[in-house]
Amino acid sequence: MRTFKIGGVHPPELKLSADREIELLPLPAKVIIPLSQSLGAPSRAAIQKGDLVKVGQLIAKGESFISSNVHSSVSGKVTRIDDVMDSSGYRRPAVLIDVEGDEWEESIDRSPDLKSEITASSEEIIRKIYDMGVVGLGGATFPSHVKLRLPEGKKAEYLLINGVECEPYLTADHRVMLEQGEEVITGIRLLMRALAVEKAFIGIENNKPDAIHHLQQLCIPFPEIEVVPLKVKYPQGGEKQLIKAVTGRETPSGKLPLEVGCVVQNVGTALAVYEAVQKNKPLIDRVVTVTGKKLDRPSNLRVRIGTPVGNLIEYAGGLPEDTGKVISGGPMMGKALSSLDVPVVKGTSGILLMPGIESKRAAPLNCIRCGRCVTVCPMGLEPILLAQLSENFLFEKAEKERIMDCIECGSCQYTCPAGRPLLDYIRLGKNKTGIMIRNRGKK
Amino acid sequence: MYGVVIAMIPAILVSVYFFGLDAARVFLISILACLFFEWFIQKYLIKGQVTINDGSALVTGVLLAFNVPANLPAWILIIGALAAIGIAKMSFGGLGKNPFNPALVGRVFLLISFPVQMTTWPKPQALFEAPLTDALSGPTTLGFFKEGLMKGESVQEIMHNPGFPGYVNDFLGAQGGSLGEISAFALLLGAAYMFYRKIITWHIPVSYLGSAVIFSGILWLVDPTRFIDPLMHLLAGGMILGVFYMATDMVTSPITAKGQLIFGTGAGLLTILIRVWGVYPEGVSFAILIMNAFTPLINMAFKPKRFGERMAHG
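In the order they appear, the protein sequences are chains A and B.
My numbering applies: residue 1 is where the first sequence begins, and numbers increase by one.
My numbering applies: residue 1001 is where the second sequence begins, and numbers increase by one.
No lab work stands behind these hints: they were computed from the structure.
Glycine residues also receive a C-beta, built at the ideal position from the N, C-alpha and C atoms.
Take these hints with a grain of salt, some might be off.
Stated by the list, open to error - Covered stretches of chain A, as calculated for chain B (at least 3 residues, CB under 8 Å): (1) 48 to 62; (2) 355 to 368; (3) 377 to 383.
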């Protein structure tokens, strides 16, 4: 069975909510919709305070090439457009809406019927994906239309669909594959047409045999789509690792996957593409895993974008008494939240509640140069060296040691027997090195 | 760290079996002295956190004892512990910061400062056979060779010498030498445990032993009367002890697999070079210390294979 070659770790899987069907989270009383929900330039508000909006109405427009549209996920009254703290901990512009009823834009097809017949052209599909604000739902929230609009002279060979979900605890993609497989397959066919590729692979780790089997059945009429079972290893869901595992190709340092003829999209994104193109539905909701060892009912919920995280936890049984950290995302790459009022955004794949004892870090011990971080680094870097260089502000050297190649998977920190905060230092170093490189370009 | 201590238990038992209470005394003094110096320096000189519970000073204590004769006077041993912990380890910043293996620094410091005491080897005698062993002393296996070859004897003549231990005794431990080096068998048992627990990887031991066997093998094929055969090289002296317990020290050996192979190969080559042409009969400690010095350079020169390296860096 295939997997990527260099490094990797095997954290406990802890997929507590794997058997829980996707439930619809009841509408919240109010939503907070950040205006900028993708990588790239911030979007500009298209509504004003006091406006009445419907579900699916455009509320912010992405104006540069790498940016995306944002739509209202509820119907109601815009109470404020203000800076609100998001999951990064920074205050950023957002639209606050008081929910009134559930009135949808009429253009949206809300029928549950599967619409698998594809009539749109490549250009129309990409346009629709852009209009409907579809971004990568795997976590990085790269605007999907940008990945599909290939630069002059470049050609994609393969479409890779990321169904790996290698983060422990998270099961949202798993459930989407099981419950909305037909829609996902149609989404994949739409993406294939948009890219004009003749082959698509769906990479799924073999800890999800039911999803592998289900999608294999659904793919029988579509021989151009192939399900590739992968040997479980973190961080297989990393773009470059997935390409390596499925095709054996190695994306060169500092380049995009297109360099090796690949475009990668997440399973959830394929579903969003289906809804956008076939149902005319903007990206206004997504499946989020709410989980934790002490939580009453770990669940997979379909949640409107902008719903406060606290609502999800309440629905899943309430905040357990012994909660040390609330994390947006998985335990390996997720970020700790400072408030339960932070809204679910397009990139929120899960909400994880960590018990107190697991949330505390032991004081780091001295590095004994055991080299385990080097062994597990999936990018072939030397995390301990990069952390030391960052700690000592030696960013020129860090750049030479390829700090910018780090995908921040956290395997090094996970494996360090001395409990050193390697990734924390490397993140700092990456940030500073990035600034240094950008400033160099300006001179 | 405590895994390493467990791995050293068979060799400790063998040395107590052959050298009796003397061996137990050396272990006790060495361990206590190492722990004391670490505690004292951390508490009163650095005035920082005391970390003697991390097991590293304990490991150094046992390894230092492994590297000295059973009848070494206590005061010399304590000086060795001070050199190991005080000079080789704490002066560089403590655990993880030292460029050289502390126990080896301790041993070499003593070997150069107290050559007579450090090379007077009590003869091994099984625990219950002879109650008074300390009067008798004799050379180590490698000492036999060095002495004999210098007198112009051939390797074969030396091996027929009545006091010469031979392959089986060298393997089991009935030979003169430092506490920890006498029994290849006990050391290999502990090494197997360290592999099982993944405390060490194969890279350094395999490349070290490989290069030593190949280099000494070539010499042996050239002239078997003047050069010792590879198997004897492995069983005699501190080869097994050095290869599995000291060259594999993570702190002082390279980080990457590639670097570790270079490190092991170099150490194997140097060991045989020193044993054959050096003044000292044994070369393991010097070989490892020399390669320790090269470790930062090796770390710089041999990087792991980067992902996406085949194409130019964009």
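For each hint, the structure was consulted:
Counting residues of the segment 48 to 62 of chain A whose beta carbon lies closer than 8 Å to any beta carbon of chain B gives 0, which falls short of the minimum of three for the stated coverage. Using a Cβ-Cβ cut-off of 8 Å, 4 residues of the segment 355 to 368 of chain A lie near chain B, which meets the minimum of three, so the contact claim holds. Against chain B, the segment 377 to 383 of chain A contributes 6 residues with a C-beta closer than 8 Å to a partner C-beta. That satisfies the three-residue criterion, and the hint holds.
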